[in-house]
Amino acid sequence: MRNFFNGIGNAFKNVWLAIKEGDIFVKLSLIIMGLGYFRRKQYIKGVFVTVFQLAVILFEYVVGIPYLSKFNSLGTVQREMVFNLNTMKNEVNDFDNSFKILLYGLVSLFVLAVALLFYFMNIVKVRNLQIADESGKHINNFREDAKDLLNEKFHITLLFFPVMGVIVFTIIPLLVLILVAFTNYDETHLPPTTLFTWVGILNFKKLFASSMTVTFGYSFKKVLSWTLIWSFFATFTCYFGGILLAMFINNKKTKFQKMWRSLFVIAIAVPQFVTLLLVRNFFADTGIVNTICTHLGITNLFIHLGFVKSSLSYIPFLTDPVWAKVMIVLINMWIGIPYLMLIATGVLMNIPADLTESARIDGANAAQIFKKITMPYVFFVTGPYLVTSFVANINNFNVIYLLTNDVFFTQNQYLANSSAQEVDLLVTWLYRLTSDEYNYKMASVIGIAVFLICAVFTLVAFNFMIKGDKEEEFQ
Amino acid sequence: MKKTVNSIGRHLFLAFLVVFWLTPIAWLVLTSFSGYPGVNISHFVPKSFSLDNYRLLLWNADTVAQFPRWFLNTLIIAICSCTISSFYVLMVSYAMSCMRFKMRKPLMNIAVILNLFPGILAMIAVYFILKSFNMTNSHIGLILVYSGGAGLGYLIAKGFFDTIPVSLREAAKLEGASEQKIFTKIVLPISKPIIVYTVISSFLAPWMDFILAKIILNSGISKDWTVAIGLYNMLDKSLINNYFSRFCAGGVLVSIPISILFIIMQRFYVEGITGGSVKG
Chain A
1 MRNFFNGIGN
11 AFKNVWLAIK
21 EGDIFVKLSL
31 IIMGLGYFRR
41 KQYIKGVFVT
51 VFQLAVILFE
61 YVVGIPYLSK
71 FNSLGTVQRE
81 MVFNLNTMKN
91 EVNDFDNSFK
101 ILLYGLVSLF
111 VLAVALLFYF
121 MNIVKVRNLQ
131 IADESGKHIN
141 NFREDAKDLL
151 NEKFHITLLF
161 FPVMGVIVFT
171 IIPLLVLILV
181 AFTNYDETHL
191 PPTTLFTWVG
201 ILNFKKLFAS
211 SMTVTFGYSF
221 KKVLSWTLIW
231 SFFATFTCYF
241 GGILLAMFIN
251 NKKTKFQKMW
261 RSLFVIAIAV
271 PQFVTLLLVR
281 NFFADTGIVN
291 TICTHLGITN
301 LFIHLGFVKS
311 SLSYIPFLTD
321 PVWAKVMIVL
331 INMWIGIPYL
341 MLIATGVLMN
351 IPADLTESAR
361 IDGANAAQIF
371 KKITMPYVFF
381 VTGPYLVTSF
391 VANINNFNVI
401 YLLTNDVFFT
411 QNQYLANSSA
421 QEVDLLVTWL
431 YRLTSDEYNY
441 KMASVIGIAV
451 FLICAVFTLV
461 AFNFMIKGDK
471 EEEFQ
Chain B
1 MKKTVNSIGR
11 HLFLAFLVVF
21 WLTPIAWLVL
31 TSFSGYPGVN
41 ISHFVPKSFS
51 LDNYRLLLWN
61 ADTVAQFPRW
71 FLNTLIIAIC
81 SCTISSFYVL
91 MVSYAMSCMR
101 FKMRKPLMNI
111 AVILNLFPGI
121 LAMIAVYFIL
131 KSFNMTNSHI
141 GLILVYSGGA
151 GLGYLIAKGF
161 FDTIPVSLRE
171 AAKLEGASEQ
181 KIFTKIVLPI
191 SKPIIVYTVI
201 SSFLAPWMDF
211 ILAKIILNSG
221 ISKDWTVAIG
231 LYNMLDKSLI
241 NNYFSRFCAG
251 GVLVSIPISI
261 LFIIMQRFYV
271 EGITGGSVKG
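Taken in sequence, the protein lines are chains A and B. Terminal number for the first sequence in our numbering: 475, no gaps in between. Terminal number for the second sequence in our numbering: 280, no gaps in between.
Since the hints were made in silico from the structure, they are not lab data. All values reported here derive from a predicted model rather than from experimental measurement. A few of these clues could be false.
Stated by the list, open to error - The calculated lysine-lysine pairs, modelled on DSS-like cross-linking and capped at a C-alpha distance of 30 Å, are:
hint : chain 1 : residue 1 : chain 2 : residue 2
1    : B       : LYS192    : A       : LYS13
2    : B       : LYS185    : A       : LYS206
3    : A       : LYS325    : B       : LYS214
4    : A       : LYS153    : B       : LYS192
5    : B       : LYS2      : A       : LYS147
6    : A       : LYS41     : A       : LYS206
7    : B       : LYS102    : A       : LYS41
8    : A       : LYS255    : B       : LYS185
9    : A       : LYS309    : B       : LYS237
10   : A       : LYS258    : A       : LYS371
Stated by the list, open to error - Counterexamples of contact, computed for chain A against chain B with all Cβ distances above 12 Å:
hint : residue
11   : ASP23
12   : LEU58
13   : PHE83
14   : VAL180
15   : LYS253
16   : GLY287
17   : GLY297
18   : LEU301
19   : ASN412
20   : THR434
21   : SER444
22   : CYS454
23   : LEU459
Said to hold, decoys possible - Simulated restraints, written as ranges between beta carbons of each label pair:
hint : chain 1 : residue 1 : chain 2 : residue 2 : range
24   : A       : PHE110    : B       : ALA177    : 34 to 40 Å
25   : B       : ILE110    : A       : PHE236    : 29 to 35 Å
26   : B       : ALA177    : A       : ASN365    : 54 to 60 Å
27   : B       : MET108    : A       : PHE236    : 55 to 61 Å
28   : B       : LEU22     : A       : PHE5      : 38 to 44 Å
29   : B       : ILE110    : A       : ASP145    : 25 to 31 Å
30   : A       : LYS252    : B       : PRO193    : 23 to 29 Å
31   : B       : LEU239    : A       : LEU54     : 52 to 58 Å
Note that the Cβ used here is the ideal one computed from N, Cα and C, for glycine as well.
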């Protein structure tokens, strides 16, 4: 952190020095950015930089100023029909669109920030050019500069488009939604017909508060605890199941290892939306598994044992909260274990043979070798994967949505009030809030909560792993 | 004697697991040949077999099921987004792995942070942004969304590039090759495994994706859809009794090419995961 602030401090010092000690052209570059280059005969570069400057100014004038001036209130003019005396017709007035103000305001702030960064970097560059010129060093012409982009500065060429893509399709959208968390953008404030505005941290308070009508606090606690329980079970069942399966198949005593592996892979090679939708019909209340269970008397047995309510004539695999949760974890094992088996196979094959061999010579039995050598090694190699897959499970939208959407309906009125369900993860709840309720403000708040949970977990886990770093032991 | 019993038990256990794992797949294939269009709830094996489901799906498109059209849509989207995102991923991973510049570490840290945000959150916002540019319900919008942020998924390919000996690149540099030449003439030709992996996995993404397509192509016009949304829609409560078997047939048809590609890819996937993490 200190490095970071030192870096910023140094950068400002450099800019200040460049302005103070630069010649008149460097100082004039503060007004017209290309001038410093013209002085050093880098005409094309000068033109480019000046055109960039003009483009930014034009953009801020056309888009930035009109939208940023309303950024404070997110618009004041509601959409209305107004009778126009000239055309003698009812026409839509010149209304404000709060979302557009938010989006374009944000984009113009972003452009402004980037442009300012370039502006200051430009001064330092021009100053460096002056120093190089005065000490008689060679100054690149345009052709040499362009060539540099394929050599020393090749990373700029490589990264320009990908980074632009990430900015436009990831960073800006995320910033927009973070801002939405501080507004009242919901079903009663939907642009373009109605305006929304800033409300501060009201939505965050709402997420932790509960009353008779607003039950976000209640739902958040329930959904969050299920999300964490789900991630824990989903990650570890698949992890250990996969490793055990891989070891079982990799055992010397198993014949046709490749065939067995391929058979398991077939199950995950079929797209999830096909298998999960199929499995959900497989386990439907009037589905085939229930028919078979009734025939075999399993349904009656479960009713007898109290696993199924006696009022039902079927097993509510995906419609009862408890049953559904268990089934979701089991079905997820069905998808996840072959994946982990593949990964674990790769890892197991890489275990240095001399490690296990020397242990065997020392008189360790199979169980001891597994506990003391195989597991620590596998753990060490797949540790980072374990952390990322826990985070991925927190965000595992597909499994929950495809298995339970349109099938599971909550009976809990408190949850229903905030359009949550017992089997919802935070992400599926977030999605339902936007797609069914248009409650974007709360969805954004939940999204930020998910991010914080994932970030804290990742930091703690990686710190823990670095502390227990056993890199040397296995090398 | 004990050994043979043990061995038979071991293989029987595996066979049992395989049966358990493949039962739904078997049901998918069997139902796709069923003569009854709805969900058969009383028999695992259909009573009558026919090829009607495939015939209807492929040659008799109706307003609900336009499988050939969806397949074509998805294919076009997949090819375009695969091209863009493969380039992005390879470019970013090479820059992060083989080049040294001031912003390298900060950019990598930003990528880690961005990957922690739930993807669905960004998708919802992307939908609004596309909407304000009138690009929802267009395939171009979907392609841009699939490939735009692809650069963030560079880690596996970077893990591979990290294993290429530095001496190779240094030797080329001494011979006077530029960075661009080293990338295209030396590193890429020996990186076939990771190129195959990147290309296949980004080609598969649009086929496997469901939710992003559902958010962006939300007009309800069947001919715009991708395979995933189309098939999902067939299971709507009002349609399932007439279309379930056809859903299965569609599932089989789309699974065949995907499974083949997936099986080719998984080898590289394992190498990427384990290779990348050994180096930490």
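Here's how the hints hold up against the structure:
no., hint, result
1, LYS192/B to LYS13/A, "violated, 47 Å"
2, LYS185/B to LYS206/A, "violated, 58 Å"
3, LYS325/A to LYS214/B, "holds, 25 Å"
4, LYS153/A to LYS192/B, "holds, 25 Å"
5, LYS2/B to LYS147/A, "violated, 73 Å"
6, LYS41/A to LYS206/A, "violated, 61 Å"
7, LYS102/B to LYS41/A, "holds, 28 Å"
8, LYS255/A to LYS185/B, "violated, 43 Å"
9, LYS309/A to LYS237/B, "holds, 26 Å"
10, LYS258/A to LYS371/A, "holds, 26 Å"
11, ASP23, "holds, 27 Å"
12, LEU58, "holds, 20 Å"
13, PHE83, "holds, 29 Å"
14, VAL180, "violated, 8 Å"
15, LYS253, "violated, 6 Å"
16, GLY287, "violated, 6 Å"
17, GLY297, "holds, 16 Å"
18, LEU301, "holds, 20 Å"
19, ASN412, "holds, 23 Å"
20, THR434, "violated, 5 Å"
21, SER444, "violated, 7 Å"
22, CYS454, "violated, 5 Å"
23, LEU459, "violated, 10 Å"
24, PHE110/A to ALA177/B: 34 to 40 Å, "holds, 38 Å"
25, ILE110/B to PHE236/A: 29 to 35 Å, "holds, 30 Å"
26, ALA177/B to ASN365/A: 54 to 60 Å, "holds, 56 Å"
27, MET108/B to PHE236/A: 55 to 61 Å, "violated, 29 Å"
28, LEU22/B to PHE5/A: 38 to 44 Å, "violated, 59 Å"
29, ILE110/B to ASP145/A: 25 to 31 Å, "holds, 27 Å"
30, LYS252/A to PRO193/B: 23 to 29 Å, "holds, 28 Å"
31, LEU239/B to LEU54/A: 52 to 58 Å, "holds, 57 Å"
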